[in-house]
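Numbering (our numbering), first residue to last: 1052 to 1151.
No lab work stands behind these hints, which were simulated from the structure alone. Any given hint might turn out to be false.
[To be verified] Here are the simulated DSSO-like pairs of lysine-lysine, each with C-alpha atoms no more than 27 Å apart in a straight line:
1. Lys1068 with Lys1084
2. Lys1068 with Lys1114
3. Lys1115 with Lys1068
[What the hints assert, rightly or not] Distance ranges between label pairs, derived from CB positions:
4. Leu1133 with Glu1089: 24 to 32 Å
5. Leu1098 with Lys1068: 12 to 20 Å
6. Gln1146 with Leu1098: 28 to 36 Å
7. Ala1131 with Ser1078: 15 to 23 Å
8. Ile1128 with Ile1149: 32 to 40 Å
9. Ile1100 with Gln1144: 27 to 35 Å
10. Leu1143 with Leu1099: 16 to 24 Å
11. Leu1143 with Ser1083: 28 to 36 Å
12. Leu1074 with Ile1148: 43 to 51 Å
13. Ile1137 with Phe1080: 28 to 36 Å
14. Ile1086 with Leu1143: 21 to 29 Å
We put the CB at the ideal spot given by N, CA and C, even for glycine.
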Amino acid sequence: MKQTPKNRLSQPSEFIKMMVIILVFVSVFLFSKKISEEQIIVNLIVLLILFFILQLVFVVMYKKGVRSGAFWLLILIILAGLAAGITIWYMLQPQQIIIH
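Just need the whole structure built from these sequences, with the hints factored in.
In structure tokens:
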């Protein structure tokens, strides 16, 4: 029986390396141009989408049984993002001063 050839991207570590390299190259490309305020917002949204896709890859690999610290990093980032979001929301609320 002939064995099917495997490419390097079928290995989880190689696939993750490729995703990180793509994220770095896109970051360098986006921020190498002259940047306006709108362009910074667009760049950050693109990077967040790429980072979200990278984290989804970690979650899928975790579900398939490939244990990685990246899954726990995803959980930590989600918790930090929630804490930052709640803090920003709280700071933007109008403050009420109570005088007794």
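Check: Hint numbers the structure violates, sorted upward?
Finding: Those not satisfied: there are none.
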